[in-house]
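Visitor: Chain by chain, the residues:
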Amino acid sequence: MSRENILYRVRTALGRSAGQAVGDVPPVRIRIPEVDLEERIASMKARLEALAGVVCRTTDPRSVVRSRIAGKTAVASNSPYLAECGITSLPGVRSGITNLEELRSLCATCDVGITSADYALADTGTLVMLASPREARLISLLPPAHIAVVPRQRILTGLDELFSILPRPAEETSSMVLITGPSRTADIEQILVRGVHGPGQITVVIV
Amino acid sequence: MSAEFDQKIRTTLEDANLQLAIYTATGRLKEKRIESVSAETLPDYQELRSQANAIKKHSIENLDHYLEEFERNVEARGGKVVYCKDATEVSDFVLSIAKERGSHLIVKSKSMTTEEVDLNERLEHHGLESVETDLGEYILQLAHEKPYHIVAPALHKTRYDVAEIFTRSLHVPNETVPEKQTAIARAVLRQKFLDADIGISGANFLVADSGAVVIVENEGNARLTTTAPKIHIAIAGIEKVIPRAQDLVTFLKLLARSATGQSLSVYTSFLAGPRRPGEVDGPEEFYVVLLDNGRTKLLPDRTKRQSLYCIRCGACLNTCPVYRKIGGHSFPWVYSGPIGAIITPQFMGVSHEPSLPFASSLCGACGEVCPVKIDIPKILLELRSDVKKSETREKQNRLEKLAFQAFAWMMTHPRLYEIAGRIGASMAPASENGWIRSVPAPMDLPPVRAWLSQRDLPPPPAKSFREMWRQR
Chain B
1 MSRENILYRV
11 RTALGRSAGQ
21 AVGDVPPVRI
31 RIPEVDLEER
41 IASMKARLEA
51 LAGVVCRTTD
61 PRSVVRSRIA
71 GKTAVASNSP
81 YLAECGITSL
91 PGVRSGITNL
101 EELRSLCATC
111 DVGITSADYA
121 LADTGTLVML
131 ASPREARLIS
141 LLPPAHIAVV
151 PRQRILTGLD
161 ELFSILPRPA
171 EETSSMVLIT
181 GPSRTADIEQ
191 ILVRGVHGPG
201 QITVVIV
Chain W
1 MSAEFDQKIR
11 TTLEDANLQL
21 AIYTATGRLK
31 EKRIESVSAE
41 TLPDYQELRS
51 QANAIKKHSI
61 ENLDHYLEEF
71 ERNVEARGGK
81 VVYCKDATEV
91 SDFVLSIAKE
101 RGSHLIVKSK
111 SMTTEEVDLN
121 ERLEHHGLES
131 VETDLGEYIL
141 QLAHEKPYHI
151 VAPALHKTRY
161 DVAEIFTRSL
171 HVPNETVPEK
181 QTAIARAVLR
191 QKFLDADIGI
201 SGANFLVADS
211 GAVVIVENEG
221 NARLTTTAPK
231 IHIAIAGIEK
241 VIPRAQDLVT
251 FLKLLARSAT
261 GQSLSVYTSF
271 LAGPRRPGEV
281 DGPEEFYVVL
291 LDNGRTKLLP
301 DRTKRQSLYC
311 IRCGACLNTC
321 PVYRKIGGHS
331 FPWVYSGPIG
341 AIITPQFMGV
351 SHEPSLPFAS
361 SLCGACGEVC
371 PVKIDIPKIL
381 LELRSDVKKS
391 ETREKQNRLE
401 KLAFQAFAWM
411 MTHPRLYEIA
421 GRIGASMAPA
431 SENGWIRSVP
441 APMDLPPVRA
451 WLSQRDLPPP
461 PAKSFREMWR
471 QR
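Listed in order, the protein sequences are those of chains B and W.
The first sequence maps to residues 1 to 207 in the numbering used here.
The second sequence maps to residues 1 to 472 in the numbering used here.
Derived from the structure by calculation, the hints contain no laboratory data.
Note that CB positions come from ideal geometry on N, CA and C, so glycine has one too.
One or more hints might be untrue.
Chain B side only, calculated, beta carbon under 10 Å to chain W, not exhaustive [unchecked claim]:
1. N5
2. I6
3. A13
4. R16
5. A18
6. D24
7. L51
8. G86
9. S132
10. R137
11. S174
12. V177
13. G198
Lysine-lysine pairs mimicking DSSO-like chemistry, simulated, CA-CA at most 27 Å apart [to be verified]:
14. W/K304 x W/K373
15. W/K32 x B/K45
16. W/K297 x W/K85
17. W/K180 x B/K72
18. W/K304 x W/K57
19. W/K32 x W/K325
Just chain B, with the same shape it has in the complex (with noise of 0.2 Å):
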């Protein structure tokens, strides 16, 4: 329609020609700052569990994940990781979907869903999910309440380590997502309320 009508306004407008390079781009601004493993463990969990999300450190993923989902109805995600972990063969759980459909209503009527994460930002207390054959992203947005597995080696300092690790996510996913604790809202007299569209609780399980 108007592209070439507004690409013309733009470069008439600053002066430029079509195809003109462009001048100095800033640097790129990444600093890392140095924080060993116990470090950023200790502040994912404090940054976590203030947005009142749970943090569980545990060498035993499976009975942590069985005790949080007992009596519960829950989809696991295709990542190896869980299966590793004996997650996807807990009673209860639904895992291995590959039909969107499917895949759809479970996580529409579930009570649980159960994701690992590409990795973790201590800081800030977020989970870095990337969608892939692996992940769905339904999973850890449509049941009422999401469980992630994650090996403590995959929680990086910050946003600044996450993006020198993936300095262009788009070549890896067509998604990445950053989850910093429960949905939430305070759009009613701002007052806050967990869970109004996403899941209203989140755990993240560091094994």
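Using the hints provided, position chain W relative to the given structure of chain B.
Guide: What follows is chain W alone, placed relative to chain B:
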């Protein structure tokens, strides 16, 4: 001042409940921002602001380059970019997609850009159902109102207003507890997400080197909007493009802190194209609408083009003494507060509401809190000058002009200023409770009375500063 602007301001000022609501909400957001950017929590805050400003400046100066790079990268990943010059082109595009796919239901996440082009009204006019899914925006859509604030759109609504709106429009029992009201909205909107074929979102950033749309939010409605339906259409102003994904490190640290005092919003979605082979979910089609709608008019002027750096955090609204009194709906367009006062005249023309750039005390607070360092007070001054220049000779007030010339002459002659000050002080009328409320007969003219009715004039001190300085 137009009668409408004047009337809206008066109604807002007279409504005590509304005054309290605006003051409390903006006050809370303001405090949270201050805490989250303090030297203890974010030591490099000022450096981040400078970096953000430098990137925005560079992006706007080379806008055509980055738009084309963005477009190439979106299309390389199977998405499509559509340039639209105005509201009609945007709605025509959405309508054409809906018609081709036989879709009737659209879910929408919060977007000021779509408010700007009245997208919902236009789509509904053509028989489509377009549902806002952000809780605040949903309440306002049901109430047929415009957002009151860039970040907190329904801050003027109480839980009782919401109860009334819900019972009237959704036919649910009267419910005044916000948790339960939220649950009602969740249930209604959840079904809409699952039924809709098209999801329309805005964009906080467009990343040129990735062909990605970045959306930040707290509720999860933007994730649902961009994940559940088969088609995702992102609508963004052309100024939203930034060069590199790595620049997000800077902007994400500033945006949520400036908006709500959070270190990061709950969800930050980085979306690059439709679902890829093997991925189980996500949209099959991905479109990005790049909207001009007047933005290119701001580009020629180096100072005024800074207005396009805005990342819509709303910090300038929360800190503005004028916004905090007159509220969001007094402003003549969808953008309110200091940023609205500089954007509106430039998008719509200064004659749209000529008094808008004057509705500021020029205290400078907006410029100080702006995370991308837009010099809002300076732009307001330039716009004031534009308004004066645009006035016809007949409309210009000769007396006012003469008075300002005399004032300027006096201010540039220190001796004269001092004498005038002494004469003024000796003639000063009596004060009541420490303020001058009225002046004696020859000066007691309607304009003087009007001026005094809105301002506190302190009585002159016994000694002027100059006298004190000489006697120090």
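Visitor: Now, for every hint given, state plainly whether the structure supports it.
Guide: Structure-based check of all given hints:
no.	hint	verdict
1	N5	holds (6 Å)
2	I6	holds (5 Å)
3	A13	holds (3 Å)
4	R16	holds (6 Å)
5	A18	holds (7 Å)
6	D24	holds (8 Å)
7	L51	holds (8 Å)
8	G86	violated (22 Å)
9	S132	holds (6 Å)
10	R137	holds (5 Å)
11	S174	holds (5 Å)
12	V177	holds (5 Å)
13	G198	holds (3 Å)
14	W/K304 x W/K373	holds (13 Å)
15	W/K32 x B/K45	holds (22 Å)
16	W/K297 x W/K85	holds (12 Å)
17	W/K180 x B/K72	holds (23 Å)
18	W/K304 x W/K57	holds (12 Å)
19	W/K32 x W/K325	holds (20 Å)
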